[in-house]
Amino acid sequence: MTIVNEVEDMPMGQPETGRVIVRHGLATRITHWTWAVALFFLLLSGLQIFNAHPSLYIGNQSGFEFDNAILEIGAVRGDDGQPRGVTTVFGRSFTTTGVLGMSGVAENPSYRGFPAWATLPSYQDLSTGRVIHFFFAWFFVAAFLVWLVSSLINGHIRRDILPSLADVRALPQSLADHLRLRFHHDGRYNGLQKFAYAGVLLVVFPLIILTGLTMSPGMNAAWPWLLDVFGGRQTARTLHFLCMALLVLFFIVHIFMVFAAGPLNEMRSIVTGRYRTDAPLKENETLEQETRR
Amino acid sequence: MSRFLVNRRRFLKVAGVAASAVPLSGCDALDGLLSGQSPARGIMASANTLTYRVQRMLIGADKLAPEFAASEVRQGQRPNGSTDPTDTDYLALQGKGFADYRLQVTGLVEKPLSFSLDEIRNMPARTQITRHDCVEGWSCIAKWSGVPLARLLDEAKVKPEARFVVFHCFDSMSLGLSGAVPYYESIDLIDARHPQTILAYGCNDQPLPVANGAPLRVRIERQLGYKMAKYIKSIELVSTLQPFGRGKGGFWEDLGYEWYGGI
Numbered sequence: 001m002t003i004v005n006e007v008e009d010m011p012m013g014q015p016e017t018g019r020v021i022v023r024h025g026l027a028t029r030i031t032h033w034t035w036a037v038a039l040f041f042l043l044l045s046g047l048q049i050f051n052a053h054p055s056l057y058i059g060n061q062s063g064f065e066f067d068n069a070i071l072e073i074g075a076v077r078g079d080d081g082q083p084r085g086v087t088t089v090f091g092r093s094f095t096t097t098g099v100l101g102m103s104g105v106a107e108n109p110s111y112r113g114f115p116a117w118a119t120l121p122s123y124q125d126l127s128t129g130r131v132i133h134f135f136f137a138w139f140f141v142a143a144f145l146v147w148l149v150s151s152l153i154n155g156h157i158r159r160d161i162l163p164s165l166a167d168v169r170a171l172p173q174s175l176a177d178h179l180r181l182r183f184h185h186d187g188r189y190n191g192l193q194k195f196a197y198a199g200v201l202l203v204v205f206p207l208i209i210l211t212g213l214t215m216s217p218g219m220n221a222a223w224p225w226l227l228d229v230f231g232g233r234q235t236a237r238t239l240h241f242l243c244m245a246l247l248v249l250f251f252i253v254h255i256f257m258v259f260a261a262g263p264l265n266e267m268r269s270i271v272t273g274r275y276r277t278d279a280p281l282k283e284n285e286t287l288e289q290e291t292r293r
Numbered sequence: 001m002s003r004f005l006v007n008r009r010r011f012l013k014v015a016g017v018a019a020s021a022v023p024l025s026g027c028d029a030l031d032g033l034l035s036g037q038s039p040a041r042g043i044m045a046s047a048n049t050l051t052y053r054v055q056r057m058l059i060g061a062d063k064l065a066p067e068f069a070a071s072e073v074r075q076g077q078r079p080n081g082s083t084d085p086t087d088t089d090y091l092a093l094q095g096k097g098f099a100d101y102r103l104q105v106t107g108l109v110e111k112p113l114s115f116s117l118d119e120i121r122n123m124p125a126r127t128q129i130t131r132h133d134c135v136e137g138w139s140c141i142a143k144w145s146g147v148p149l150a151r152l153l154d155e156a157k158v159k160p161e162a163r164f165v166v167f168h169c170f171d172s173m174s175l176g177l178s179g180a181v182p183y184y185e186s187i188d189l190i191d192a193r194h195p196q197t198i199l200a201y202g203c204n205d206q207p208l209p210v211a212n213g214a215p216l217r218v219r220i221e222r223q224l225g226y227k228m229a230k231y232i233k234s235i236e237l238v239s240t241l242q243p244f245g246r247g248k249g250g251f252w253e254d255l256g257y258e259w260y261g262g263i
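If you read the sequences in order, they're chains A and B. Residue numbers for the first sequence follow the working numbering, so the first one is 1 and each next one is one higher. Residue numbers for the second sequence follow the working numbering, so the first one is 1 and each next one is one higher.
Here chain A stands alone, though its shape is the one from the complex:
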């Protein structure tokens, strides 16, 4: 972290603000925005691809004459003769008309897994979905490799991402602070942030890339161990979907936290790198006291 300007000679009467530091390195910022754009297209084209066969299975193959499905989205005609969207998860069925299985306008519903507003293109077009998906997948993977190498070299992972023992010990306090929406703007990640970012960057990102590759029949010949690691092509497809759901969940929390923690300052830091920290502590004051005041 580099101090950009010490704010020590503040005019009298002005509220005391913190120092401006460089919080995010160039590699972090570039890869962040590459991922943001790529993941938007990957998600919507991925749901288009999923819609071509809206079921998920465990194992090597899809059970047509036996049942190894854990998720199925479809439409059925009810006892009243009316069609409805049905989503079956681990054998339990839920009516999901309007979103999953059956969506669109009531007079002319479309029978599809995810609705038109969640897919690219909006209409059913598997080939274009695949074109979009594989194009942005290359950018996603390239950004990941750039981030991984640069963050290993410049210490970003060790310093900012991997939780330390102290972070683990401070987790209850960190959790309590988050629940009360009290944030410390000292430019460092707290324990919960480190676990979230480490989980996404070092677990979910590699997982979603590798499970994606496991679905490729070409890659199965090149790296057959992928199938052993993930328990078969259809399990890999299920895990790929699960990783997607985790990333959507992360995105929702991520955006909420940006707004809750100060959207302008947070946004500036991920665009320009510059971030204004909290007012410096007064003498004899600890961070603990500050948060309680």
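Keep in mind the hints are simulated off the structure, nothing from the lab. All the given hints hold, so there is nothing to weed out.
Derived coverage of chain A by chain B (criterion: at least 3 residues anywhere in the stretch with Cβ under 8 Å from a Cβ of chain B; other residues may be distant):
hint, segment
1, 62-76
2, 214-220
3, 229-239
With beta-carbon atoms standing in for the labels, derived distance ranges:
hint, chain 1, residue 1, chain 2, residue 2, range
4, A, L246, B, G76, 32 to 40 Å
5, A, R158, B, P209, 56 to 64 Å
6, A, Y111, B, S239, 42 to 50 Å
7, B, A69, A, I30, 41 to 49 Å
From a predicted model like this one, the values you see are computed outputs, not experimental measurements. All C-beta atoms in this analysis are idealised placements derived from N, C-alpha and C, irrespective of residue type, glycine included.
Position chain B against the provided structure of chain A, taking the given hints into account.
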């Protein structure tokens, strides 16, 4: 604390604006940009060439697709695409149990050949239990028996200028208003000579059913299902895919699917 209150107020305001914009957006906003002939789609599709090159580099010519134990054959091979061709020349052959069927090997070969089904069945066979991956996303494991395509190519003596093998098929696929066109497919010579690339006449210890492509279908185990042409009429060795269909190398390729189906 006061700073947070400001943030929370601002948060609610911004979130409200953002939420009100959601119903206005929708993915049809990008539909025009992504439609069949748009330049943006063309640029994005070029990534498939990169995928092809990189996979060819990573895989190696003779790396085998995974094969499975007999216990993994738990269901019939799921048919897809054409499952019951009604083309007259096909029905004529089917009526006589394919006794009059002859597979033609033509194009850029020293010795154009033609084989009866019995001749093909009497050649050294290869049997493999492999996973069939449909582009839609599902997989199905089955046992396939047939003659390695490489053997037929060696007998016909492929000319050096040949780059692709084109499979011409009996079945026609509907193109909506523009009528029906015959199915065709193509692969490069690396996959054509791959040890697991066979012209299959048996599936799960039975003669290949009509639904799965009788009398002959090709297995290309390192690519997706749509590459594995069924109801094969003839095999043609060519230097370019331009003259066939819309020139993209296959029925589904002409409709926008990538020619390399390894992903």
